[in-house]
Structure formats: structure tokens, C-alpha cells
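Asker: Chain by chain, the residues:
2 protein chains.
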Amino acid sequence: MKGLESIFRPKSVAVIGASTRKGTIGHEILHNIIINEFNGKVFPVNPKASVIHSIKCYSTVLDVPDAVDLALVIVPREAVPAVAEQCGQKGVKGLVVISAGFKEVGGKGIKLENEVVDICKKYGMRMIGPNCFGIVNTDPDYSLNCTFGKTKALQGKVGFISQSGALGEAIMNHAYELGLGFSMVASIGNKADISANEILEFWKDDPDTKVILLYLENFGNPRIFTKIAREISRHKPIVAVKSGRTRQGAIAASSHTGALAELDVGVDALFDQCGVLRVSSVEELFDVARAMANQPIPKGNRVAIVSNAGGPGLLATDALVNLGMDVAPYTGVTKTKLKKAISGLGNVNNPLDLVAGAGGSSFQKALSLIKNDKNFDSIIPIFVPPVTINQLEVAKSIHEGIKGTKKTVLACFMGAGEGSEGVNYLKQNGIPVYIFPEAIAKALSQIDIYRRWLDRPRYEFKAFKVNKKRVEEIVEEAISNGDEAIVGEPALEILTCYGIPAAMGKIANSEKAAVSAAEELGFPVAIKINTPQILHKTDMGAVVIDIRSAKEVKAAFTSLKKKVAGLKIKGKDRFSVSVQEMINGGVETVIGMTTDPSFGPLIMFGLGGIYVEVLKDVAFRINPLNEGNVTEMMEGLKTYPLLTGQRGAEAVDISKLKESLLRLSQLVTDFDIFSEIDINPFIASSIKGKSKAVDARFIIKKS
Amino acid sequence: MKGLESIFRPKSVAVIGASTRKGTIGHEILHNIIINEFNGKVFPVNPKASVIHSIKCYSTVLDVPDAVDLALVIVPREAVPAVAEQCGQKGVKGLVVISAGFKEVGGKGIKLENEVVDICKKYGMRMIGPNCFGIVNTDPDYSLNCTFGKTKALQGKVGFISQSGALGEAIMNHAYELGLGFSMVASIGNKADISANEILEFWKDDPDTKVILLYLENFGNPRIFTKIAREISRHKPIVAVKSGRTRQGAIAASSHTGALAELDVGVDALFDQCGVLRVSSVEELFDVARAMANQPIPKGNRVAIVSNAGGPGLLATDALVNLGMDVAPYTGVTKTKLKKAISGLGNVNNPLDLVAGAGGSSFQKALSLIKNDKNFDSIIPIFVPPVTINQLEVAKSIHEGIKGTKKTVLACFMGAGEGSEGVNYLKQNGIPVYIFPEAIAKALSQIDIYRRWLDRPRYEFKAFKVNKKRVEEIVEEAISNGDEAIVGEPALEILTCYGIPAAMGKIANSEKAAVSAAEELGFPVAIKINTPQILHKTDMGAVVIDIRSAKEVKAAFTSLKKKVAGLKIKGKDRFSVSVQEMINGGVETVIGMTTDPSFGPLIMFGLGGIYVEVLKDVAFRINPLNEGNVTEMMEGLKTYPLLTGQRGAEAVDISKLKESLLRLSQLVTDFDIFSEIDINPFIASSIKGKSKAVDARFIIKKS
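Taken in sequence, the protein lines are chains L and X.
Take -8 as the starting number for the first sequence in this note's numbering and just add one per residue.
Take -8 as the starting number for the second sequence in this note's numbering and just add one per residue.
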């Protein structure tokens, strides 16, 4: 037994810093271990006491007569290294360090934390913390609750990892009120040794853990996280709250945990690629967890609602439909039978309104019909308890009505209050109950995202045949020139080498040369400034498009030359333009890459300048991409219909677009030298062979 | 005393249909009146009992020896007309009819409801209901609770109107749990006589009602609602949940109340124009109400956060910033003093992290500094109670710390549980407490919308000098021709008559005529099919743009003619085109009008075809518009930056755009004959005098 095994499944626990004084952490942890009837031996350690909580107390861990698997450390921060040293000598296998004042406060804290980590390494001990809230394992074989909260942890199927100690306590309280049980809980604090990744790995095959919840503020190693999370998500859902979502939030997160702030698009991309559900609040985290821990994943997004009141049914429908769920009418046999079964019912709609007087039998009849209708994937019974109806009876009837169904059932008892008889009955029978219908709608729609993720086809990563050697040459030349970026013709050549079609142009340094270039290419053409290199061409009007005659070529050449002459930049005397074939009738897209400090290269895709810049309608994925990623990126855009054709416009060559993204991904994988790539615009044409990159820019990493 | 006065402030109440049987509505209502110690006389009426709940019972209301102000009616629906008749004879002034089975079930119910309304009219009685949950007035002078719920209503400053009886009960329960008090509650049911509008009017100057909450499923008379709500919103906030938001929701709402479904954009426009805050759930309704009933409206959107835990502070920041609030760093004196005052604090950030061990004194110190900082408009203290800290003490310190401030203070006690000592202390002292920081963020951002509404300048409605007579002629001609729509040149002429600039074209029925028209206008030109009238021109490629030469004119004419020849439509033999000046370099916008069955004409504005059609980025307001409305419509668009210029583009002539919308509004007011108007595109140009409508279409109402 070693590592996490000895921490979560110890046979003996030492509480170092146990205290006789009630209300102190050192007292409450010991108290919690005892009242939860830990199935092993517990040894209080404190030089100042001989007995604590009726148990013999030892001066140091070295004095404990038995072997110690796990030591909880609640001593002042200065004493932690010495205590860790003693634990090492004693042969303790795991530490959970509750004490705070380490990396999170900076200064001396960092030094102390490093000392403790070194001691752990020396003895092969593993450590959770420091600056954490403790751990829980509700498995009756262990029944271990080493936290200092007031709240009991119920036994259940949810594993919970919290990076915030304070939130951990608040969350356990909320879970208890909701009746949600945990398999294990880990407050990981500063993650000096054991990270969330390692605990995820530990829970991957744990049969008692069916759903994993995360509260994260930053990622230790996002690449490892991606790998583990992707594997786990295939058979058990991971739901996460990741704070520091906004710039201000990220700054605060950084200062209070000493962690680097990640780009939030990176987090979203990462979660999406490994099937982790990102929710926006702790409340939602638990609303989703309750559903997933107790009910099956629905097969689709079609929801049946049965309610004894119109209003809540409407609210549920509004919320569900807004979140992309389908609340279609009852039809066919179900409709006929519902009408017959429930007397006095006017219209049979979804939501089905049983009217105020409806008691248990109406619910039971309706539900037992609906559960057999193949047109629905989940069922929401909504009950608003009038004083005249027995709540418990309704709860029993709902349970009876849905018996045997494989559909997902989430109930709403609006205004009944948590802990009412009916609510408790349903919860005990595995049907989660919510106070507000909107919470069900949110939870169901999140679960639907997970279902769609599970349904995604799995793709391999493709390798295209490319001319890597020529790109190496271009890059080397740029580096030896001391260039910060590769732009213009060489940039387009890089694309061509990787099979990304690019509109090659002809360089011309005189009006005459420009005219003959245009005539060779055929009108219309576009003319842009070639030298000096101007990065944001359209900002300065440095491109003239849709030129249809020699006369227009000359005018464009002259006007561009004049423009450059007016600028205060070097190299303006060796002026030349690039004459390019004009690609008409396509849709302007932008393909790019940006580097995230934690996640590495992110590939970007969006439509035309203003769509990206004004509407921020853009998708990111972490490199490398497979075909599935590329499809999701495109289809997730609000502007996607512009690619598939609308109002008589033809669809663009989407397969060529996808291929270009995959080829860019390969380029990014092959060349670690670029910090940013911008293919803007890439014209997606409806005509085969006409889709082309018109301009590109590769920013070289600063060495 | 009459009308609503006699219903909410009666001196004597008859409970017709009072029952001796516990658990029945007839029993529970009487019970609630008595246990809430109604400050007047109550008379049970039931022919089958001589005493109910220790009070003498009368056979009919006519037998009651005293005068009766208010009668509650809880008899079977068939008996309601007879009971109403007796009430009329008795001189009862107001009825609250709880009984159901009327308009909401259709059929005979509609007939019965009409009968009751007629009887009320005959005797000058006013009625709330039928099919309602009752009413409440907590004013100690009356202390009237005529509902059949289990929940006591606390005295407070919130007036609540619910169109759903079942929701009314659920909501009162939720309010009680949150400690939110009501001034009056009205469940209005089928609104056969008294509507929400009338109750709003009644509460307008009620000093006990400071915030008004609405749960609505439909509007009786939206025009009256707008007028009253706009007046009230100036001095007391109205917060509403309007269900039936989605198409499916609206269908369900319609079937269960028999009400017509409104276009949801109409509801949003209406609420916006009269300052009503629309929230999306009952939970949010109460989160906002608690803040507004207890705290001032903040002066701006700048929020200071003080927390004893990093995680919750981060969650609050993320949620606030996502909702458009500002969480700027502490600066200047505040920063210096905070650093000095709170020892052990590393960085002074906003959210201010007092670290886990922080007790009351830290909160008090920090808050007493922050409350004097003019850079913040509201303060959120967040406390996550560790076992080692006394919650009540922290609550007292928070209260002490913010004493005397005029900023808005909303507290979060995460994981403390409703009803804990600390939470109760703050609530009793007028500081609302929330369990989750996200709920505070949502409430604050909603209140901020209200603040901005209050801050909006007030505009008069302008009248432009227009040529109304000529438009009347054009319309009359179209009607006498039996046309369903006015399109093409006459449509553009209508705009011109109202001072909306339009690109007038020249009609040409031969190649030659087209060429000379183009030469007269000057190249480039656009050519489109004039006859036969084709409504969606771009769908069929019926417009050729950017024509630069006589050769291109001829090609366009021929291709359009060929296109029409291939269509199966009448009138294709008398083919002609319209040659228009081409307006280059502007931004395509769409201006229009659509008619909502309840709200009447809605004016619409959005950018170009795809922005409206694919991105749905479009604004609606209810006609008539003033300058303020027009400004809000434009500035609210995601695509607004395309009008103000970006990436080197020049800003378009926004004042001309605004004026055109106002002129259209006047046209719509003057002509009730159009069901739909579409000015598409209206090119907004950066050059003065170049903004022009290029195409327009007026659909004539079916008579």
C-alpha cells in the first residue's frame, strides 16, 4: 500500500497537532474522525496533552507504538518540516497537511513548502496540501472523514476535488442539504506534491466513484490533465467549475494561488476536447452531479413535462427550449391514452397540465403512459403542493409511475422545501428533486452536452505528405536575417509546402510590370504592397481589390506608392507590389494559431475580419487537431450558415477548409518555432480548387 | 370605499364556501384569516354548518347581519353565479373568486365566467379571479391573509402579482424561507374583471410597497400596461417573470390560460421601454427583490469584494465581469490603508482576500475603509464560515463595518445555510444574504440595468414635416388595384415623401433605354427587375450590382430577362428593369416594421441581410419611437461597431440613420394600413447625403 492508497485507505492515522480545545482545527479533525467511526486506529499527537477526546495522546509521531499509514498535520507552518521529517523516520506513507501559510502567501512560505516537498521525496512519502481542508472516504470499510467542517459527508457516488479549502467546506454543507453523497473528497490546496491529475487517475477505475466533480483555479499540467480526463470521460462524467474565467478573475486567482492565469479560450477548448463539462457555478455543479449520480444519461434531448400547475410547466419549457432542448408535443397513442386516462383534461400539451386538483393517481397514470413513449428521452414531473393534496402520496405515485423506465427522470417540487416528506421519499428512491424548474433545465442541457460528446465519432490524427524541408529553409533564412515574422510571398509559400492552397502573386516594382503581371494572371486582380512589409494591410488601405483593367492597375500602383512615400518607415524606397489573382464570390475566413502559456498552441478558426473582430465569433482548439475537432470548430460558429450557403448563396468547399485546418495543425506540430500564425483572409470558395489563402503571417518565437 | 380599496382593505369579510373539513380550501382560507388575526369581522357562509372554526356560520351571505365589504368565493363553479347574485343584493363591494373551472378549461367555463362578470357589472361589484390563490395585505391595520397556502406572509415592502395560482403558493413559500416580506399579494387568476394593470395603478402611490414583482403569462392590455409601468418605474422598480418566452412555452401558455401568445421580442421591447426588469426565473425574481427592498440602487457598476476565502471571491468576480459589472482594483488611499490595517495581507486585490483565519475584526476594518472609497458603488462581503470562527460575530462586524454607507451592500455567507445565526442577524439589519456569489452578481447586474434606465435622458416625440397627402394617393391607388403590397419605385417614393432618402431609379424596358439610364445616372449602377414584382429579389439573383460599362448593362439586362422568362409567374411578358445609382462603400442596414397582435407595430433595425438573418442581431421597439429609443436600438446591437467604424473604416452617418428610423415611426403612426414594412437594404454611408434606401416593400393589411 502506497501513495494515494495509503492516504485514502489507511489502517492507522496520526493526527499531529490534535488539540483538546474545542473549535480549533486540531480538535475538530480528530472529532470528525472519531464520530464518523473510522474503521482503523487513530493516534492523537501533541506534546502538551496526554489524552484528547478520550484517546491516549503521544508527544511525537515517533512515540506512536503502531505503524502509521497516514499523518494529518495541523501544526504552525514553521513546525511542519520537522514534523514531516519525523513522519519520514517513522515510515509514515502519506501526509495531509492542513496547515497554511506556504506558497499561497509568498515569501518565507515558498521556502518552507519546498523544504517539506524535499523531505517527502527523501522518504518516499506522498503529500496532499499544504493549505487544504482535508480528505474524506465514505467507503464503510474505511469511513474516514479527516476534515474540520461541521458537515457530515453522506455516502454516495460522487468524487470531489477542490482546489479551494474554504469552498470545500461550503460545498460539503450544500451537498449535505441536497442529500448528495460522496465516495471520496480531496481538498488539494497548494498541490505541492499530489495534483488533481493524480487523484483523477486514482479514481479512474474506482467502482464507488461514478461522477467526478472539480473545483479548479488553475491547471498544474494541462497536457496530462487532457490525457487522463479524456480517458475517464469515456466512462464516467467529469464536471468542473474553473474560476478565473474573466480577466479580472484570472488576475485575482493568480495572486491568491501564485498560479499563472491561462487564456480562458484555452480552458474551454481543453474541456471540450476531453469531454469535461464546464459549469458556471457551484450550484450548477451540484445540480448536474445529482442528476448524473442517480439517473442514466438520456439518449437524446427530447423532454416530456408533466405538471399539476401551468406556470411552472411554462417556466420549465422556456428554460429548456432556450438551452436547446426539445419539448415536442405528445402525439399518437400517448396523446390518445393521456386524453382518455385523465378525465377533465382539456388539451393534451407538453407540458402536460394536470390542473391544480391533480393528486397522485393522475401523476401515476400520466407517467406510466409517457415512460413508454419512444419520442422522449427524459421526463420532468413538476409538482406544486397545494394544501389539499398529500405530498408524500404524490411522491410515491411519481415513483410508481416511472418504475422500470430507462429514461432520465428529474423531479421538481416547487415550494415544497428541501427535506419535506415527499422530496425525501423521491431522493431516497434515486430521483433527484429540484426546487426550481430552471435548475432542471440547466442540468439536463449540460448532460446533453456530455451525451453529444460521447456520441462524437472518434477520429485518428492524420498525417499528410508535405514539403517540410523547404519550410525549414524558409524559416532558417528568416532567422538568419533576424526577421521577427515571415510575411508576404514566403509566408504563402510555407502554406503551399503544407498543401494549404494559396493565391500566389507576382512581384512588380513598376507600373508596367504590374500591368503585365495582371494580364498574365487575368482580370480581376488584387494589388497589395509587397515591400516594405506592412503587417496589418487593410488597416492602412494597403490593398486594392477587384481591379478590372490595365488603367485601374496603374491607378492602384500609383496610389499605393504614394501611400508608402507618406509613411515614416524604413525600406520605403525599395517599393514593390504583389499582383494576385482576385478570388471572387467566396467567404472570407481566418485561420490561425496562438500560443497559450499552459496549453501550448491553440488553432483558431473564424469568419472574415469583422466576424472575428467585432462579433468575436471564433473557435479555438488545442493542437493537434483531428477531423472531429475541425468539424466541431466550424459547426459551433454562429456564422456557420454563411459557409453552408443561405439566401441563394452556394455552400463553400467545406472539405477543403477542414483539410487546410488539419494541414495547419501538422505544420504547427512540425514547427515549434512560431508563436503565432495568421492566415487572413483564407477565401473559402464554392468552386472546387478556388479556395485559397490570400495573405499569411508567421510570427517567430522570441528566443 | 370601493373597488380595490374594498378588496385589500375591507372591514368585514365573508368566506362563502367555508368548510369544517380540514385540508379543504374552504377551511384553510378561513383558518388563515383567523390565525393572521384579521383586524375586522369575518363571517363564514355555508348552508350545511352552523359554526366553523369557532365562529357562527350563516346559510347565505344575505343572512349575515352586518355589512360585508369583501366576499371570498370557494363554491363549486356552477354555484358561483348564484353566489355572486346574492353578494350583489347584499351590497358586497368586492369578490375574490378562488373557484376554478372557468375560462381556463374552455367550454361551459367560458359561459359561466361571462355570467359572473355580468352580475358584477350589474351591481358595481369588482372581482379578482376566478381561478386564483387569494390575496394578502400585511398592513397591521388590516392583517388580511385570504390565501389557502400553508405559508405565513411576512410584513415587508414588496407587492407581488401572480397570474398563476400554483406559482403564487410556491413563491410565498420561497419568500418566507428567504425572509422576504410582502406589503400585498394578489393572485389574479383569469383576470375576468380586475387586471394586473389596475393593481399596479392601485400600488403606484402605496407608501408600503417599494418594489413590485410580477409573474405574468400574458398581457391584458399592453398599451395601458406600458403607460402605468413607465410611470411607476420612475420611482419604484417593477421586476417581472414573463413566461411563454419560447415558441413552445407560448403555445402551452396559450392553451392553459386561453390567452393569445405574443411575440417575445415585443415583450422585451415593452419591458425595456417602460423600465420593467425582466428576469428569467422565480429564483432571480426574489434575488433582485431582496436587494431592492432593502438596499439603495447603486450609483454605478463598480463593485468592491471582500472575502475570507479566495475561491468564492473568484467566482463572484467571474460572474460579475461576465455580466458587465466592473471589479476594478483598490487604489490610492484605500489600498495603502487596507495594506496597513490588515496585517499578514500579501497583495491588496479586488476581490480582497482576508485569508481563511480572518474573523470579524478584519472584515470590519476592511469594510470601514472601502465604504469611503468613491471608486465603488456597491460592496459584497463574502464569508465562508470555518468552524473556528464565530459566524454571528462576523455578521455583527460586517454590519458595523458598513454602517452609514449609501453604497449597496449584498452579503454572501457561503455554506452557512439559510436561517443560521449570522445570516439572520444581517437580514434583520437590512443586509440581504445570499448563499452563492453568482446570485449576487445576477441581482446586481439586473439592478444596474434599472439604474441605467433611470439615467436615460427623457426625449419628446418629434414630428417631421412630411408629404402625407402623396403617400395617401399611392396607398389608395395600390388598394384600388387590389395590390397586396407596394414595392419598387412607388415604395421608394413613399419613403421620399417622409424624408427618408431613397435611391430613385429609372425604369427601362429595353437594353437601349437601360444603357441611357445608366449613362445619365453615371456608373457604377445596379439593375434590378422592376416587373413582374418579385418580392425577395436577392433570393433569385434578380439584382445585378456594380455595373461599370454599357457592355455590362446590356449583359445584365439580357440575363435578367432570361431569368424572368424561365419563371412560372404572371406578368412576365411586360418585362422592365429599374436602373439605380450604385451606392458604394456604405454599410447595409435593414429598417422595418412588423405588427404584433397585442403590442401593435414594432419598429425593427439591424445590419445587412446576413446579420439579421443568420446572426439574429436585430433590435425591436414598440412604435412610436423617440430619439432615446432609436439610440438604444442601435447601441444595443452586437454589430454596432460596424456603424461607428473599425479597422480603418469610417463611421457612417448615424444621425441620418436615426432620423430615418424616427421618420419611419411617424409614417407607421400616420398609416395604420401596413402590416409590414421592409426597407432592405438601407445603405448607411459615411458620406453626408449618400445614405439611401435601395429597396422597400410595404405589405398592406388584409381587410
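You may find that some hints are simply not true.
Each pair may be met inside one copy or between any two copies, as identical chains are not told apart.
[Unchecked claim] Here are the simulated BS3-like cross-link-like pairs (lysine-lysine), alpha carbons at most 27 Å apart as the crow flies:
#1 Lys647 - Lys330
#2 Lys81 - Lys331
#3 Lys459 - Lys362
#4 Lys554 - Lys542
#5 Lys387 - Lys13
#6 Lys459 - Lys356
#7 Lys328 - Lys99
#8 Lys326 - Lys290
#9 Lys141 - Lys99
#10 Lys99 - Lys330
#11 Lys328 - Lys629
#12 Lys607 - Lys456
#13 Lys356 - Lys99
No lab work stands behind these hints, which were simulated from the structure alone.
Asker: A separate judgement is required for each hint: does it hold in the structure or not?
Answerer: Hint check results:
Within a single copy, lysine 647 and lysine 330 get their C-alpha atoms no closer than 53 Å, and across copies no closer than 58 Å, so neither meets the 27 Å cut-off. In this assembly of identical chains, the alpha carbons of lysine 81 and lysine 331 never lie at most 27 Å apart, being 75 Å within a copy and 43 Å across copies at closest. When the C-alpha separation of lysine 459 and lysine 362 is checked against a cutoff of 27 Å, the pair qualifies neither within a copy, at 59 Å, nor between copies, at 62 Å. Proximity of lysine 554 and lysine 542 under a CA criterion of 27 Å is satisfied intra-copy only: 19 Å inside one chain copy versus 33 Å between copies.
Only between protomers do lysine 387 and lysine 13 lie at most 27 Å apart by alpha-carbon distance; the minimum there is 23 Å, versus 43 Å within a single protomer. In this assembly of identical chains, lysine 459 and lysine 356 lie within 27 Å of each other by CA distance neither inside one copy nor across copies; the values are 68 Å within and 64 Å between. In this assembly of identical chains, the alpha carbons of lysine 328 and lysine 99 lie at most 27 Å apart only when taken from different copies (24 Å versus 74 Å within one copy). Taking the closest pair of Cα atoms, lysine 326 and lysine 290 come within 27 Å of each other only inside a single copy of the chain (22 Å); across copies the shortest separation is 54 Å, beyond that limit.
Taking identical chains as interchangeable, the C-alpha atoms of lysine 141 and lysine 99 are never at most 27 Å apart, the minima being 31 Å within one chain and 59 Å between chains. In this assembly of identical chains, the alpha carbons of lysine 99 and lysine 330 lie at most 27 Å apart only when taken from different copies (19 Å versus 74 Å within one copy). When the C-alpha separation of lysine 328 and lysine 629 is checked against a cutoff of 27 Å, the pair qualifies neither within a copy, at 41 Å, nor between copies, at 48 Å. For the homomeric pair lysine 607 and lysine 456, neither the shortest alpha-carbon distance inside one copy (34 Å) nor that between copies (42 Å) is at most 27 Å.
Within a single copy, lysine 356 and lysine 99 get their C-alpha atoms only as close as 68 Å, which misses the 27 Å cut-off; across copies the closest is 26 Å, which meets it.
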